[in-house]
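Using the supplied hints, reconstruct the complex from the two chains, each of which is provided in its own coordinate frame.
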Amino acid sequence: MSAPGRGLAPGGGGAGEPGRDLAVPRHGIPRPAWLSSSASGNVGAVLERGLAVVRNQNWMVLASGFFEPVFYLLAMGVGMGSLVGTVTGPGGQPVEYAAYIAPALLATSAMNGAIYDSTWNVFFKLRFAKLYQAMLQTSLGPLDVALGEILMALFRGFLYALGFLGVIAALGLVTSWWSLLMVPAAVLIALGFAALGMGVTSYLTSFQQMDLINFALLPMFLFSATLYPIAVYPEWIQWVIMAMPLWHGVELMRQLSVGHLDALSGVHALYFVGMTLVGLVLTTLRLRALFLR
Amino acid sequence: MPAVITARGLRKTYGNFTAVDGIDLEVEAGESFGLLGPNGAGKSTTMRMIGGTLDRDGGELAVLGLDPGTQGPQVRAHLGVVPQQDNLDEELRVRENIVMYGRYFGLSRDYLRDKSAELLAFAQLEAKAKDKVSALSGGMKRRLTIARGLVNEPRILLLDEPTTGLDPQARHILWDRLFRLKEAGTTLVVTTHFMDEAEQLCDRLIVVDHGRIMAQGSPASLIREHSTREVLELRFGSARNASVVAQLEGVGERQEVLPDRILVYAHDGEAALEQVTSRGLHPVTSLVRRASLEDVFLRLTGRSLVD
Chain A
1 MSAPGRGLAP GGGGAGEPGR DLAVPRHGIP RPAWLSSSAS GNVGAVLERG LAVVRNQNWM
61 VLASGFFEPV FYLLAMGVGM GSLVGTVTGP GGQPVEYAAY IAPALLATSA MNGAIYDSTW
121 NVFFKLRFAK LYQAMLQTSL GPLDVALGEI LMALFRGFLY ALGFLGVIAA LGLVTSWWSL
181 LMVPAAVLIA LGFAALGMGV TSYLTSFQQM DLINFALLPM FLFSATLYPI AVYPEWIQWV
241 IMAMPLWHGV ELMRQLSVGH LDALSGVHAL YFVGMTLVGL VLTTLRLRAL FLR
Chain B
1 MPAVITARGL RKTYGNFTAV DGIDLEVEAG ESFGLLGPNG AGKSTTMRMI GGTLDRDGGE
61 LAVLGLDPGT QGPQVRAHLG VVPQQDNLDE ELRVRENIVM YGRYFGLSRD YLRDKSAELL
121 AFAQLEAKAK DKVSALSGGM KRRLTIARGL VNEPRILLLD EPTTGLDPQA RHILWDRLFR
181 LKEAGTTLVV TTHFMDEAEQ LCDRLIVVDH GRIMAQGSPA SLIREHSTRE VLELRFGSAR
241 NASVVAQLEG VGERQEVLPD RILVYAHDGE AALEQVTSRG LHPVTSLVRR ASLEDVFLRL
301 TGRSLVD
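So the protein sequences, as listed, match chains A and B. Quick note: the first sequence, position 42, residue 42 per the numbering used here, numbers continuous. Quick note: the second sequence, position 279, residue 279 per the numbering used here, numbers continuous.
Just chain B, same shape as in the assembly (with noise of 0.2 Å):
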């Protein structure tokens, strides 16, 4: 599969600070592909350096082949783009945000009167193609904001945080609609801070940190690599958890301790959960679990994703 947009120590400085330092990466053409990390990691600066809307200060970069940089324009013609905050269009009506849009990539109005039907039908908004934006909830402006961002049927669509701040429902919905578009051969950028996220969507990621990349696999691979199979969460009461881990030696592979439980990474959770009763100790709670990337993060940063 030929790479789609390829990063070779891609950089972003403000003054002092060092956004993103010194990113390598690729996208191969239909995959979906991610950047997890914490608020600050520098994933949104990446994303919009390739998409052409922020000038980068080293590296190299290209998407299909140009450089962003200097080829902006041209670039975006084929990428779709869906901001970590929406930015429709507030003066305009719903059906007119996606048709005006599409008029910005010089998409005729005869292809945009049929694009923006089937477009609206496919973010379910066929009943409010007349309403103003202001009236949408924020599940369905994130859903019109993504219709937007495939009017001109783009080869890449880029997408910040799409889901943040949307209830459960509204973020399924979503996911819904982002496989369908995958399935579709459309291939997906992602930035997220969200775990279940990245599992969902994602066939390999990189994990972000302070600019500069940590891991990267598939979700699989990665928890294979940094985790163990199985996660044992024992709570023994905040003021508890520090004493109670020196008995835990020997329990499981490793422990981590967090304010307010102890993680026992073992291959077999509830083989671990014996272990520890055996020894004489009782937590409040205890819950075994499948390992995911949440685990990888902290065992590459000792922090967690979400403060």
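Just chain A, same shape as in the assembly (with noise of 0.2 Å):
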């Protein structure tokens, strides 16, 4: 047996400089110091490996939450829906409940998972399971885990969101071809919180401290006009939920559900372009705090 010296290396091109596919030094672009100290530019193999860890693992982790907005679906708006009956929805037309749960259910569960992969998820790589640790060794910046990491959490909102659809529209509760744009919609619901969610994660130190996300996201959950009209508040405390973000998820989800889309829709979506600007660079400006102490 010998040691795998570079003379022996397989495909390897000389010393020093084995097989690249994807060039880490890219000659003759300029990049600007912060940048070339943080990125190599290999998202790719971050996804990558998120993919492969997919593919290996049990099958029942990510159904489960894909089941859980179904769940939800079939005990408020099936079974509870049969005692309220039809509601106002988007446009003033009667929808039944069921139909104007269903999209607000979506955008929930593009933010549960879209927040489940960047917070919890990514607290636990960094203290416990050390993997960030081991990809900083390599050639790969902290900029590049980063955005592979809230591209994991698309991928996931993404799968979620279509499955979701898929249950909806299989039930009758959607009735515009503009709801084939709730997909993307959750992709960029995802976005804003996985976004905003590996930002804040940067400052947490534990649990105790991680627990406070899930004590932020209920109320939000329960409050954000999910479940009911955000009528039934005062007025004071409807500026209160519309300053949140799901609030705006839940309206445009529920707007495209139906196809009444008018100026607010474009309100909530830049709302998440917003939201998503300010967590990428909250995630930038944290990153050597996040991942080089």
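Keep in mind that the hints were calculated from the coordinates and are not lab data. Glycine residues also receive a C-beta, built at the ideal position from the N, C-alpha and C atoms. Warning: the hint list may mix true and false statements.
Pair by pair, the computed Cβ-Cβ distance ranges are [as the list claims (entries may be wrong)]:
no. : chain 1 : residue 1 : chain 2 : residue 2 : range
1   : B       : Gly58     : A       : Trp178    : 55 to 63 Å
2   : B       : Gly185    : A       : Val281    : 20 to 28 Å
3   : A       : Ser206    : B       : Glu270    : 58 to 66 Å
4   : A       : Leu212    : B       : Glu26     : 26 to 34 Å
5   : B       : Glu26     : A       : Leu35     : 25 to 33 Å
6   : A       : Val281    : B       : Gly9      : 49 to 57 Å
7   : B       : His172    : A       : Val273    : 55 to 63 Å
What follows is the structure in structure tokens.
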């Protein structure tokens, strides 16, 4: 048996430069120092690792995230919906109660998936599995890792949205072709939450602090006009709800589900664009604090 | 030989605590360089700054001519890193660990198919290729971590406490593997608090304590400089050691009293032992041995390395 010396490298391109297909140094493209110290541009490898893990994993792990909103839909929408009957949907048209809450559940599941991946998952990999420590020993930079993990969260959000849309379509709860846009909308919502979630995680150091995330999410789910219209609240509470991201997700989804779009739809979408930008800036600023300590 | 790592006045502080307090070092291509010192001396911190996974607070540092603080990805493309605690990917299988790690370097799947087979053979883990990482023993995990660190054919391999926590047999297997790497021309940088490991692996080393360099040189030259050729270890029982030492005046070059034994530094240990018995002193046990880096450390710091 021999040591893996350079000369023995099959397919290797001589000393020090084994067969790189995604060449790390990109000659000729000047990059600012902060970027070259935090990124190699090889985000794909981080994504590839995430997909390999999903492939290895028990499919139940992935499926559980899909079934959660389905169970809510069956219990609240179909079960409680039989007591409620029809309610007033976007644009004043009457809709079945299940059709009223289904888009809200889709928005919530996009949020939950993204938050789970970008906060708890990141926290665990950072503190316990030491995964990022291992990644950052390679030519990956912290920005590559952060973007890869955010993309992974989006992929999960995309799968859940696609599955859930299939379910509500099968139950006859969508009435418009516009509802196909609920899938990219779910990805946008997931992007906003994932970007911000990772930025927030950079400040958290203990499980107690991580619990604060759940403490913020549950009331947001319950009170963001998910299960009943926002009109039931006094006006000042309505303003508080409308400042929260989930309400915008819920409203956007609800409008898409029946194909009733107006200027507010654009505002809702822009809210998530803004949230994503804030999240990405925060995450980038905190990258070195997050990974290189 | 050109230097592949150069540090001048390297510093790292955590609040009021200075972990690394002005370290200067130069590592030449192809040599095996050691950082020896007790736990908490600043060895790992120094290693992580070299590897670009920790920002330094002061001083200059060049690895392969680049600054790891601002060109981390480019520097790390040529480094292999074996951290103190294995950070293998438990969600991937044994072989996947090597392949995916190579993907992080941007290496092609074709290259990695052959390379991973070669490295699994090097780590003697061919039979475990498809096993879960959690099913490996401590020694196997360590070898896998080293194999993984070699996937990019690094010019420098950084090993932080490579054999801590391994049983003697696993340690010897690992030393053998590392020795082969050294023979193949890889520059090794090793931190350790084991004397025997430093003597086995290192051409040259620095002795570090409280974030500073206490001494440097080859193991042999350090021993020559800071110790005698041989050491006579005498045990009179823990209650008597301190009182007996007064009667050993003039035996050997000097004596060192430890809680459990007296060390007599002498060029000829056997002759020193004869002197001791001729004075009517009869130790419970006595042992003559070659001086080691342990003695160097004791001389330099007044403390044992392993508490």
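Outcome of the hint check:
1. Gly58(B) x Trp178(A): 55 to 63 Å: holds (59 Å)
2. Gly185(B) x Val281(A): 20 to 28 Å: Because 45 Å falls outside the window, the suggested range is violated.
3. Ser206(A) x Glu270(B): 58 to 66 Å: holds (60 Å)
4. Leu212(A) x Glu26(B): 26 to 34 Å: 48 Å Cβ-Cβ, so the 26 to 34 Å window is violated.
5. Glu26(B) x Leu35(A): 25 to 33 Å: holds (30 Å)
6. Val281(A) x Gly9(B): 49 to 57 Å: violated (34 Å)
7. His172(B) x Val273(A): 55 to 63 Å: Given a distance of about 60 Å, which is inside 55 to 63 Å, the answer is holds.
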